Amino acid sequence: MEQHINIKLTQTVLSLEACSAFVSADNVGGIVNFVGTVRNQTKGKKVLKLDFEAYEPMAVSEMAKIAQQAIEKYEVHKMAIHHRIGMLEVGEIPVIIAASSAHRKAAFEACQYAIDTLKETVPIWKREVFEDGEVWVSATP
Amino acid sequence: MEQHINIKLTQTVLSLEACSAFVSADNVGGIVNFVGTVRNQTKGKKVLKLDFEAYEPMAVSEMAKIAQQAIEKYEVHKMAIHHRIGMLEVGEIPVIIAASSAHRKAAFEACQYAIDTLKETVPIWKREVFEDGEVWVSATP
Amino acid sequence: MKVKLLSFGITKEMVGSFEKNLELPSGTTVEGFLEILKSEYPALKKLTSLRIAVNEEYAEGNHEIMERDEIVLVPPVSGG
Amino acid sequence: MKVKLLSFGITKEMVGSFEKNLELPSGTTVEGFLEILKSEYPALKKLTSLRIAVNEEYAEGNHEIMERDEIVLVPPVSGG
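Protein chains in written order, with numbering that gives the first Met the number 0: chain P, 0 to 140; chain F, 0 to 140; chain Z, 0 to 79; chain D, 0 to 79.
In isolation and in its complexed conformation, chain P is listed as follows (with noise of 0.2 Å):
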């Protein structure tokens, strides 16, 4: 059977060809990628690197359920989700998901609605290294 759904959870560099010839085909029009980024400031502050670590059999499964509801609300082909974990610099890529349809608006609000759904439910954690220390994101008011 087909696969419609591409996973990854990894330590090493993600592929943005990788994930958008995932999802392509010859029956779609459109593919939407969106590619996370480290920026270099959080809130005016000067960021070093970003820290990332997962709960990593549940992370998968929760990417998963997102990729697969998102392919059930949208008029989705095919959905990839690929994460990267451990010490990544400035400019590196954190994650990236990409979204195939027949016509584009589906694939620009499958693409969002998995970006937005990852960042609440998927057990994945960030602390932010400063100069002058280490903070995990969004922990504490």
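Where hints are given, some of them may not hold.
Straight-line distance between alpha carbons at most 16 Å, and here's what the computed EDC-like set of lysine to aspartate or glutamate pairs gives [said to hold, decoys possible]:
1. P:Lys64 <-> D:Glu34
2. P:Lys48 <-> P:Glu133
3. Z:Lys11 <-> F:Glu16
4. F:Lys45 <-> P:Asp25
5. F:Lys64 <-> Z:Glu56
6. F:Lys44 <-> P:Asp25
7. F:Lys42 <-> P:Asp25
8. P:Lys48 <-> F:Asp25
9. P:Lys45 <-> F:Asp25
10. D:Lys11 <-> P:Glu119
11. P:Lys104 <-> F:Glu108
12. Z:Lys11 <-> F:Glu133
Stretch-level coverage of chain F by chain Z, calculated; a stretch enters the list once three of its residues show a Cβ under 8 Å from a Cβ in chain Z [unchecked claim]:
13. 12-20
14. 23-32
15. 82-94
16. 117-124
The set of hints was computed from the structure by calculation and includes no laboratory data. Note that this is a predicted model, so its numbers are computed, not measured. Glycine included, every Cβ here is placed at the ideal spot set by N, Cα and C.
Given chain P, work out where chains F, Z and D should sit, using these hints.
Okay, now just chains F, Z and D, sitting in the frame of chain P:
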């Protein structure tokens, strides 16, 4: 001066990595890419190929206008719009649009705005090649 | 006055060739030009829309065409 | 009954170690477990939110914990 827009109209294969890399920067947190692909059917009829032609100088200037407008309209850092012309097979890529921003919502909006507007204003025309003939898309009711 | 007409997409077939050199009365507007063209090539009336670009910019109906302008017929576009 | 507790992100620092083996009264619910844990580690009360996963699934407050369950503390997630 740093260029914030990158426009390309070409007979050769487009590169997603090139578009995404152009818009990447240390101050962006997200990149959204739209990749158009040649679909194998339209309104239930089997498509063999798409043949794209452009009024080239004006197509380039209209794509540049769209990228510039998207940057002004949304809080977007950089935009790339690459379009291919000539004969394309099913699965090949006629267009790639990339947008980057500090916060992802703006990149999604700018990317959608750009592809929607491109399809309305940029002087590029495609002929669908079927098994039994050819049709200029949307030309007549 | 002399102008150059370029026709893309389906309009190339409707007017018979990609490039034509035309002679127009001076003071012709885009709107007036479209009327002349549609009476000479009635097939153009079948188009969903027909815009005119003058020197690589879309032009309004009241835009006045000038000697040596490059006029382009823009049938419905379908990029992407 | 014996259960395993895993603590990720900031909760690892709050409870002192990544993995703990705990002894719980049988019939303990997720809600009851959270009360026990917050009284033992009051720092947990400072969190914006604290969810519990049991055997790799988010669990509601009335979910009953079973012998040998793997219980995970899920402070506010921040993937992507």
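Review point. Under the criterion that the straight-line Cα-Cα distance not exceed 16 Å, is the pair Z:Lys11, F:Glu16 satisfied?
Key: violated, 36 Å
Review point. Are the Cα atoms of F:Lys42 and P:Asp25 separated by 16 Å or less?
Key: Status holds; Cα separation ~15 Å.
Point to revise | Outcome, coverage hint (the segment 12-20 of chain F, chain Z; C-beta under 8 Å; three residues) | key: violated (count 0)
Practice item. Verify the proposed pairing of P:Lys45 with F:Asp25, using a straight-line Cα cut of 16 Å. Key: holds, 11 Å
**Study point:** Holds or violated: F:Lys45 to P:Asp25, with C-alpha atoms at most 16 Å apart
**Key:** Judged against 16 Å, a Cα distance of about 11 Å means the pair holds.
Exercise for review: For the pair we were handed, P:Lys104 and F:Glu108, check the Cα-Cα distance against 16 Å.
Suggested key: This hinted pair holds, its Cα atoms lying about 12 Å apart.
Practice item. Three residues minimum, CB to CB under 8 Å: does the segment 23-32 of chain F make the cut for coverage by chain Z? Let me know. Key: Check failed, 0 qualifying residues.
Review point. Within the segment 117-124 of chain F, is the number of residues with a Cβ closer than 8 Å to a Cβ of chain Z three or more?
Key: holds (count 8)
**Study point:** Proposed proximity, Z:Glu56 with F:Lys64 (alpha carbon, max 16 Å)
**Key:** The hint holds at about 11 Å.
Review point. Quick one, are D:Lys11 and P:Glu119 close enough, alpha carbons at most 16 Å?
Key: violated, 20 Å
Check your understanding: Holds or violated: are the alpha carbons of Z:Lys11 and F:Glu133 at most 16 Å from each other?
Key -> holds, 15 Å
Exercise for review: For the pair supplied as a hint, F:Lys44 and P:Asp25, confirm whether the alpha-carbon distance does not exceed 16 Å.
Suggested key: Holds, at roughly 13 Å.
Hints 1, 3, 10, 13 and 14, counting from the list given before, are not met by this structure.
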